[in-house]
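Undergrad: The residues making up each chain are set out below.
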Amino acid sequence: MTTTTLRPTTLRRGRTLGDLLFSIGLGTFIVLVLFATLYPIYFVMIASVSDPTLVATGKVWVIPQGLSTFGYEQILADPRIWTGYRNTLLYTVVGTTLNLVVTLPAAYALSRREFAPRKFLMFFFAFTMFFSGGLIPIYLLYRDLNLLDNWLVFVIPSALNVYNLIIARAFFENSLPEELFEAATLDGVGYLQFFWRMAIPLSKAIIAVIGLYYLVQHWNDFFTGLIFVRDYEKQPLQIVLRDILLSNQAFAGGAGGAGGSGGGAYAQQFADQIKYGVIIVSTLPVLLFYPFVQKYFEKGVMVGSVKG
Amino acid sequence: MAQIRDGAGRKVGGVVALTLDETAAKVPGSPVVGPMTKGRRRRAVSRHLRTRWQLWLMVAPAVAVTLVFAYFPMYGIQLAFREFDFTAGLTGGEWVGMKYFNQFFTSPLFWDLMRNTVAISLTTLVVGFIAPIVLALAVNQVVGLRRKRFTQTATYLPHFISIVVVVGMLQVFLSPTTGVIPNFLSFFGVTDTNYLGDPDAFVPVYVISEVWQHCGWNSIIYLAALSSIDTHLYEAARVDGASRPQIIRHIDLPALIPTMVVLFILNMGGVLNAGFEKVFLMQNPLNLSASEVISTYAYKIGILQSQFSYATAIGLFNTVINFAFLVLTNQLAKKFANTSLW
Amino acid sequence: MARSIRPAWAPTPGPRPARRALTSTVAFAAASTLLLASCSSGGDDASDDGADGSGGGEELNILVVKHPLTKKMSEMAWVAEIEEAADVSIKWEEVTADWDQKKSTMLAAGDTPDLIIGANAITDSDLATFRTLFEDLSDDMDALPNVQAMFDEVDGAEAMASQADGTVYALPSWKEFWPQAITRQYINQQWLDNLGLAMPTNWDELFDVLVAFKEQDANGNGDPNDEIPFDWSPVGTTGYGYFQPTALLGSLGLPITGGGGTGYFVEDGEVGNFLADERWKEVLTFLNRAYAAGLVNQNVITQDYSAYQSVARGSGDTASVGFSWGWTASDRFGAQLAPQYTSMAPVPAEAGQDAPLTWSYDFENLTANHIVVSAQTKAKAAALRLVNAFYDQDTSVQVLFGDFGTNVTKVDDNTYEVLPPADGESDPSTWKWTSTLADAGPLWIREGIDLTLPTDLAEAVEQSIPLEEAVANVDPETDVLPPFLKMSTEDLSTISLNNSTILNLTQTKFAEFVTAGGIEDGWDDYVAQLESAGLPQNVELYQKYYDEFSG
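Protein chains in written order, with this note's numbering: chain A, 1092 to 1399; chain B, 109 to 450; chain C, 114 to 664.
No wet-lab data here; the hints were simulated from the structure.
Be aware that a few hints might be false.
Stated by the list, open to error - Below, computed lysine to any residue pairings styled on SDA-like, alpha-carbon distance capped at 20 Å:
1) K1210/A <-> A172/B
2) K491/C <-> G169/C
3) K491/C <-> N478/C
4) K185/C <-> G169/C
5) K288/C <-> M600/C
6) K1150/A <-> D317/C
7) K442/B <-> F1218/A
8) K1325/A <-> F1218/A
9) K204/C <-> D1322/A
10) K599/C <-> Q413/B
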């Protein structure tokens, strides 16, 4: 299993039977977790290329049945999807950058215990996680600010996520050694400079996490486009994919619907396949990005820095 | 104070003032807390700005965004206390006070909704809080960079599957006739299992699938915290002959506590939130007695039937309860764990 | 997991800033409206100037709610024709998904385009709340001769369009040739033949046939256990719809509309709710008997619609479902299996019963609220010209079936032939929905024209024949509760408040009664609960409005 039991160094150091058992237990646990997570994912993958009727009747478990790439063909043949990708990419890159620029300095400032208003400010921010005026006042506000049908609506209003702010603040508070700051101030370094020169380089892990959270938030943002954008050329990927999905789902509410009799038995039959395909198509880019973030979670980032 | 600042310059003032501010807060009658004249207050403010302007500069964008996009539209909340009257405008509808709140409280479904909502959200909260911690600790113990990366990536994948599909998969996996899980259980003599239709099974199915989907993703933050532990600590512990469980217990776990506390407080702010979309999709006439929650009810009556005021009132009630729990937990955490949001 | 800490208007409460690849359905985003929903002063767009230049060539902003399959409006040839005919240029806003969510925000913010087109895109309940946003067309009929003609010639069209006070905000569509019922009843004739069984003529015989389907190898594939004798469309938690066992109420002569909905019906001018009716009890008893005998799909309560559809497609030539409901046989069972099935009339519950058979009245040929004009439009005359152009005979045919030439051949002034799909691969209904607004459009297909129907519709019409007798037993004057009763906002709110309590109970009980039984013992208690939940009050309100409507 994936444990240290077999490593000579560990054995040489006289690991006990207890450690051996621990390793076996850990290995078993990890394998079970992996199976539980990966099997359903694998299922989505094979379902996206199998005959949907066989999937729905529970005949597809291990090997794809009735191979068909109809789903992917439908998805990738749609010219709108490339516009969607382009837009989403823009919103994600610009949005995430702006997010970090707004969130990180604020989180750092709020982590400074000598910053007297910080308690009030934290409450000020936390309050907005719960209370909101509702969609219509927001809609009117965006209209007055000229954000409707404007791509900036994807990046500016969501520039700060309070949840991420809180996480980042907690990290700065707990992981940046106070001695470092004291030493720096003796050298005549101000907050801004310290933040830029010391705090940022030492906080790669949290920046990676927050950045990832923001990135995925933008990537999956579907609601903004839905409500505030009417120009299809500006719609993000998720809206496009949803339309493709729906155009094949036809009328899952019943052939009745308001006059919706018809709608395409043929297309409808493949609705599920497209549903699975859409997951793969929309998720893949984010998955490919993950390894770049992941390396910041590994040990050694902090080695060399002073730790309290 | 003045002396120190003059002597060492503004930048030192930052550090020193920390001590002074905090002392001042604790010593009764100190100049800062005691009754101040206008002039003294003004001087205190200008001193604060002089020493802290950089911090203000750093929070300024966040404050601005929040003021404009979160606080400004809050005038909409009053709709919960007004009749929704389109022609009169949002603030023009007749003031009806607590009418819609009373309507909700006296609804025959009120207690059922509360019970179901709390059952779902509390279970999710507890299990969903613990699971990522356990997973992060376990993944952290995996030796070998590639194995570790693989495990991590694998466990966070399900996060990206849409809820519609997750519920669709539940239907495929749990189908009483063809589902792999009932078939598997029938080997052990467990038969007649309709997990999707049994009200008693609703909460477990909901929570387990929730953990399955988000546990890996939610463990990311803990892994980041673990990554910031100084490796010297591990070496020292090994030299002292500590076993791996002991290392987890005495090094890893304590390192996670600050993050845990913060997340726990935040989670408590969701005590009345049962994920609307998933609950709604998992609902069927068989499990409705366990699956009708506040948000699905508000959706069915408020949104589908255009009862805007009623929906706003229900939402506000939900929010206030959540917020109360957040504040309470925050106070408790401040007292017992010495960590708090504000 | 950790939950919702996002602003209440964000899509779905999620612990982390982000959540899933795709949100689900229309409805669900709307849930985010939980805390939200409010409105602005309707007068924000102070633009009602009354002075509309009628010089022609005005630009109109039109929001169209169309099927996601439908191609761009600008690619339809009839759009150019209609622009020319009405002397306007159109800027389209095309909505294909989540209209409900978009709509509530848009209306409450008072932000409407010049016209809104779509099947029930603006509903009666929207009109009750937001009617000041829309133009009352009742005094503009001079400018709408085609619409006036439709009101004159089509029974019920004007009633459907008119509010209680005589105002007209939204116009309906009439499709002659359409079956008015959406649900048809199917049995696998090949299975009957394989097993040497006769077509059942009452519930007991139906039961025996289903038992035979179950116990024998009806589909002849060697496995006697893979047949599902009886299946129906998943019953939701907010009411009943098409292809559901409410269809069996027809066996007892109870006239429902629209598949059942929230249960209200009218019989000889008397409003009732079948959910508390003895005849519903009989249906439930029959369903339970079938379920207990293992004749019903064991997933029937928990499956979703796509599973329901997939299962019935069987595999290859092997059918898997014996008796069920659907729109057409090919739609329900797939083209390959469709020939095995035959559509059948409702069977009487008991041989020789007195009660006449009935069938759900679905108003599928007369549909409400297809087009509205904004009260704020700067070009009212142009908007009216356009509305009128839609109800033109040639335009209506093209709006419904697609362009002349590619989708329809116009043989002569009164004769049209709908062409088969040009791409050879798709079926007629997919083709129609791809090519044009189809059933979503405002249109009037006149009674007198000679129209060769596409095969799918011809199939629906043909398979409706067995239902004719039952349909004829329903007197539209006294046995049909019109879905377009116009109620006051206050009464609507009372009704929906009560309904949410009532349906919470009835839908749970439905599942329980069918799967676990206990109907005999539980019925009285169940009815008593319904009464305390406000059912009599709702029935009374419905009666009041029904009387106003018919009186």
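Undergrad: Next step is simple, just say for each hint if it's right about the structure.
TA: Going down the list of hints, with the structure as the test:
1. For the given pair, K1210/A sits about 17 Å from A172/B by alpha-carbon distance, which is consistent with the 20 Å threshold.
2. Distance restraint check for K491/C and G169/C: the Cα-Cα separation of roughly 12 Å lies within the 20 Å cut-off, and the hinted pair is therefore satisfied.
3. About 33 Å separates the Cα atoms of K491/C and N478/C, which puts this hinted pair outside 20 Å; it is violated.
4. Restraint check for K185/C and G169/C: not satisfied, since their Cα atoms lie roughly 25 Å apart, outside the 20 Å limit.
5. Pair hint K288/C plus M600/C does not hold up; C-alpha atoms about 26 Å apart against a cutoff of 20 Å.
6. For a cut-off of 20 Å, the pair hint linking K1150/A to D317/C is broken: about 34 Å separates their Cα positions.
7. For a cut-off of 20 Å, the pair hint linking K442/B to F1218/A stands: about 18 Å separates their Cα positions.
8. Taken as a hint, the K1325/A and F1218/A pair is broken in the structure, with Cα atoms around 32 Å apart against an allowance of 20 Å.
9. For the hint pairing K204/C with D1322/A, the CA-to-CA distance comes to about 11 Å; that is within 20 Å, so the pair holds.
10. Between the alpha carbons of K599/C and Q413/B the distance comes to roughly 14 Å, so the proposed pair stays at or under 20 Å and holds.
Checked against the numbered hints above, the structure violates hints 3, 4, 5, 6, 8; every other hint is satisfied.
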